[in-house]
Structure formats: C-alpha cells, structure tokens
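Asks: The residues making up each chain are set out below.
There are 2 protein chains.
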Amino acid sequence: MTLEEAQAQLACHRAEIDRLDLEILELLNARARVVEHIGAIKQEMTMPVYEPKREEAVFDNVIQRNRGPLPAESVRRLFERIIDEMRTLQREMMLKKEPS
Amino acid sequence: MTLEEAQAQLACHRAEIDRLDLEILELLNARARVVEHIGAIKQEMTMPVYEPKREEAVFDNVIQRNRGPLPAESVRRLFERIIDEMRTLQREMMLKKEPS
Numbered sequence: 001m002t003l004e005e006a007q008a009q010l011a012c013h014r015a016e017i018d019r020l021d022l023e024i025l026e027l028l029n030a031r032a033r034v035v036e037h038i039g040a041i042k043q044e045m046t047m048p049v050y051e052p053k054r055e056e057a058v059f060d061n062v063i064q065r066n067r068g069p070l071p072a073e074s075v076r077r078l079f080e081r082i083i084d085e086m087r088t089l090q091r092e093m094m095l096k097k098e099p100s
Numbered sequence: 001m002t003l004e005e006a007q008a009q010l011a012c013h014r015a016e017i018d019r020l021d022l023e024i025l026e027l028l029n030a031r032a033r034v035v036e037h038i039g040a041i042k043q044e045m046t047m048p049v050y051e052p053k054r055e056e057a058v059f060d061n062v063i064q065r066n067r068g069p070l071p072a073e074s075v076r077r078l079f080e081r082i083i084d085e086m087r088t089l090q091r092e093m094m095l096k097k098e099p100s
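Sequences listed follow chains A and B, in order.
Our numbering puts the first sequence at residues 1 to 100.
Our numbering puts the second sequence at residues 1 to 100.
With the rest of the complex left out, here is chain A (with noise of 0.2 Å):
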C-alpha cells in the first residue's frame, strides 16, 4: 500500500466514524431526554436519583448482549460514564425545577 492509499482509506474510514459519532450522540442525547422524565417523576415522588441495583440491570442488559470487538470491562467503563452524566443532567435538572 502506498502512503496516498493509505491516506485515502484513513479519510474514507474517518468519515465513516464521524457519521457513526452523530448517531451515538443522537442516541446518547434520546436516552437523556428519557432520563429527564424519570427524573420528573421521581421529583414528584420524592424517590431518590441514586438506585444502585437499577445501575446493574444497566450494565447487565448491554454486558449481556455485548458480541464485541469491544471487550465487556470496556463496556462497562463506557456505560459507567454514560450513567455518571445523566445522573448529573438529572440532578442539575431537579435543582432547577425546585421550587424556590
């Protein structure tokens, strides 16, 4: 392979992950939005944001069903950062919404 051809399969495969990136952040910001109502109704509520056993069935379901190349402790380091920032967006969300 030369280094042009090189080049041009690296751009070729760069845009491919640009356009996979808009689609996780797509999905990343559709699973906010739904963490956004479970906030508001456990607001209304008054349960706590923090449910720890909630948080395994989490890694659970994608742990499970995960097929790779991704290796599972990766998995779940990803999905323990997708966890930590909307709990984040949920709290922040409910401090808000507080009545003053």
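Do not take every clue at face value.
Same chains, same label: a pair holds when it works inside one copy or across any pair of copies.
Unchecked claim - Below, computed lysine to any residue pairings styled on SDA-like, alpha-carbon distance capped at 20 Å:
#, residue 1, residue 2
1, Lys-96, Pro-71
2, Lys-42, Ala-6
3, Lys-53, Ala-11
4, Lys-42, Thr-2
5, Lys-42, Arg-14
6, Lys-53, Leu-22
7, Lys-97, Ala-40
8, Lys-97, His-37
9, Lys-96, Tyr-50
10, Lys-96, Gly-68
11, Lys-53, Ala-15
12, Lys-97, Pro-69
13, Lys-97, Ala-6
Derived by calculation from the structure, the hints in this document are not laboratory data.
Remember, it's a predicted structure, so these values are computed and weren't measured experimentally.
Let chain A serve as the given structure and place chain B on it in line with the hints.
Replies: This is chain B only, laid out in the frame that chain A set:
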C-alpha cells in the same frame, strides 16, 4: 400520580432506556470495528496511534452538532471515554498482530 402509576411509568421509561442502550452498544462496536481497520492501516504504514489533531476533530464534530439536552462538557467527557477505550482496543490489536 399514585405510587403505582409512577412505578408503571418508570418501568416503561426504563424499557426505553434498555432499548436505546443496546442501540448505543451496537454503534460503539461498529465504531470499534472501523477503529480496528484504521489500526491495521497504521500498523502496516508504521503511523502513530495517537493523533491529537484528529481527536480534536472528533470532539468538534459532535460538539458542534449537539442540540442537547446533554451539555457540551458532558458530550466532551463521553467522547473522551469513547476515544480512550477505542485507543486501548487499537493498541491491543496491534500488539497481537506484531510479528513475534
């Protein structure tokens, strides 16, 4: 809203989250497969795995297109984790393929 109604709504939203998570997982693994192809090209051409300019382009792509509810700093942290896991996968794949 009664507690039963709240629990029914939470169950419905959680099913939606589980569905979204499996879609996110699928896209993350699709992204990982493209990263493996890139790794193979880089290995053949002895190019570096870490390219800070490309990583900034990845962040720019998602942050510019982000319409929320996730804030930009949250999107950045999520994609930092994604890039980090993908780089680990790429390095491990390259090590396995190295001639002994």
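Asks: Give a verdict on every hint.
Replies: Here is how each hint holds up against the structure:
1. For a Cα distance limit of 20 Å, the shortest separation of Lys-96 from Pro-71 across copies, 15 Å, qualifies, whereas the shortest one inside one copy, 38 Å, does not.
2. Proximity of Lys-42 to Ala-6 under the C-alpha cut-off of 20 Å is restricted to the inter-copy arrangement: shortest distance 8 Å between copies versus 52 Å within a copy.
3. In this assembly of identical chains, Lys-53 and Ala-11 lie within 20 Å of each other by CA distance solely across copies; the values are 14 Å between and 43 Å within a copy.
4. Proximity of Lys-42 to Thr-2 under the C-alpha cut-off of 20 Å is restricted to the inter-copy arrangement: shortest distance 12 Å between copies versus 58 Å within a copy.
5. In this assembly of identical chains, the alpha carbons of Lys-42 and Arg-14 lie at most 20 Å apart only when taken from different copies (13 Å versus 41 Å within one copy).
6. Taking CA atoms no more than 20 Å apart as the test, Lys-53 paired with Leu-22 passes between copies only; the shortest distance there is 19 Å, against 31 Å inside one copy.
7. Proximity of Lys-97 and Ala-40 under a CA criterion of 20 Å is satisfied intra-copy only: 9 Å inside one chain copy versus 50 Å between copies.
8. In this assembly of identical chains, the alpha carbons of Lys-97 and His-37 lie at most 20 Å apart only when taken from the same copy (13 Å versus 47 Å across copies).
9. For the homomeric pair Lys-96 and Tyr-50, the shortest alpha-carbon distance inside one copy (18 Å) is at most 20 Å, but the shortest distance between copies (40 Å) is not.
10. In this homomeric assembly, Lys-96 and Gly-68 come within 20 Å of each other (Cα to Cα) only across copies, at 16 Å, whereas the closest approach inside a single copy is 39 Å.
11. Only between protomers do Lys-53 and Ala-15 lie at most 20 Å apart by alpha-carbon distance; the minimum there is 15 Å, versus 39 Å within a single protomer.
12. For the homomeric pair Lys-97 and Pro-69, the shortest alpha-carbon distance between copies (15 Å) is at most 20 Å, but the shortest distance inside one copy (41 Å) is not.
13. Taking the shortest alpha-carbon separations for Lys-97 and Ala-6, only the inter-copy value of 18 Å comes in at or below 20 Å, while the best intra-copy value is 53 Å.
Comparing the model with each earlier hint shows no violations; every hint is respected.
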